[in-house]
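Whenever a hint applies, use it, and build me the whole structure from the sequences.
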Amino acid sequence: MSTPNEPTDNKKPQDAETTSSSDASETSVPAPDQAGDASTPAPPPDVTPEDEAKGSDGAPVNPDAAEAEEKAGQAAAEKPVDTQVAAAAGVAQAMMPPLTIKPVRTGALWAAIVLLLILVVVLSAGGWMLWQAQQQTAERVSELAVLKGTLAEERTRILDEASTRLQETLRLTEERQKAAEARLQQQISQLATKVLQQSATSRTDWLLAEAEYLLRLANQRLGLERDVKGALKVLEAADTVLAEADDPALVPVRQAIAEERAALRATGLPDRTGLFLRLDALAGQVERLNQTVFIAPVETHTSVGDQAEAEGASDWTGRLARLQQQVEKYLVIRRLDKPVEPLLSPDQIAYLKANLRLMLEQAQLAVMQQDEAVYAASLAKAERWLRQWLVGQDAATTALLDTLAELQRETIAPELPDITRSLRLLKGVIRQMEGEEGGS
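Residue numbering for the sequence shown is 1 to 440, as defined by the numbering used here.
Treat the hints as calculated values from the structure; they're not laboratory data. Each residue gets a CB set at the ideal place from its N, CA and C atoms; glycine is no exception.
With a straight-line Cα cutoff of 35 Å, these simulated DSBU-like cross-link-like pairs (lysine-lysine) come out:
| no. | residue 1 | residue 2 |
| --- | --- | --- |
| 1 | Lys229 | Lys427 |
| 2 | Lys194 | Lys427 |
| 3 | Lys229 | Lys381 |
| 4 | Lys178 | Lys194 |
Label-pair ranges, simulated between beta-carbon atoms:
| no. | residue 1 | residue 2 | range |
| --- | --- | --- | --- |
| 5 | Trp110 | Val146 | 50 to 56 Å |
| 6 | Arg288 | Thr411 | 25 to 31 Å |
| 7 | Val374 | Ala350 | 21 to 27 Å |
| 8 | Glu225 | Arg387 | 34 to 40 Å |
| 9 | Lys427 | Gly284 | 49 to 55 Å |
| 10 | Thr411 | Leu217 | 24 to 30 Å |
| 11 | Glu210 | Gly268 | 27 to 33 Å |
Below you can see the structure in the form of structure tokens.
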């Protein structure tokens, strides 16, 4: 073993200088003194199997030396502890390569220190950031747990409120249903009472009520609709109902109904359908009249003197004039010594025919409504226009005027009899029966 102050062979420093940069960075350790080796053994360095097979300069170790070391180790294991420690120290010193003091590189050391500081700062910053992230994650987890708890509480509250409202609604619904059932039961009881009361009414009362309704209907048919046939049928139905009642008190009522039925049968009923069709045929005849049968109107100029003379004419002259007018309805006297009267133009004839047709249609409407006044006025105006504008009387014009005269003699609204007596008598009988039932 060489001391730190004694240099090694020239060959060994050269070999040491050829080692890698990593070996140069290792710190040289001074060898302990021989006196200290016996008292305090140095701990053996960490030796890997590769280092055991190689020397300090990387040369392979002698196998004999390795075997000697193994035997020495086995012998040391059998000795006491102190002897083993001393033997181990000797073995370590034998295996340690000679140490060489290497020059220290200041720049590399500072660079290593700076890098170490940077690494420490980076690791500290990373650790701090990791800690912050863990703290934030813990806070988020805590907030999430609080939020879940809040949501669970809110959901529970909402469910409780909904359940409470539903129960309240069900309770109100049940109360309303019970109230409705109570009202319905009350109505059923009232209706049952009414049915019992009505069933106590005699069959005669029902028949009298039906007969009264029929007599009211007959009066309505005759008074408002002037329907003689319909009123007659309804009176017959009322008499049948009264006959079914078979009550002696109803004899006067049935007698009045019989008289009213006879009066209705004696009433002359106009054939409204026939009159309507005859008026329609008359309108067709007017349309087929030849243009030559119409003449233009003759203008008459009456002076003031003539008017005074006419006003002063005697009464018999006026009567003679009226008689002449009546005769002119059937006889037309034309003087041949007068000039020829001009005929109407086609437009005037079309206008005249349209007005005549309108008058006849108005008469048809009056027939359906049984309006005697409108019917007579429409036919009279149509006849007056025909006599005013016709030239002479041929077969067509004569038939037309004769048909108008026949239609004017028809009565479309005959006087109707009074059928209210039977209804008044029946009401009296019903009041009398109700009074007797109330007194009993």
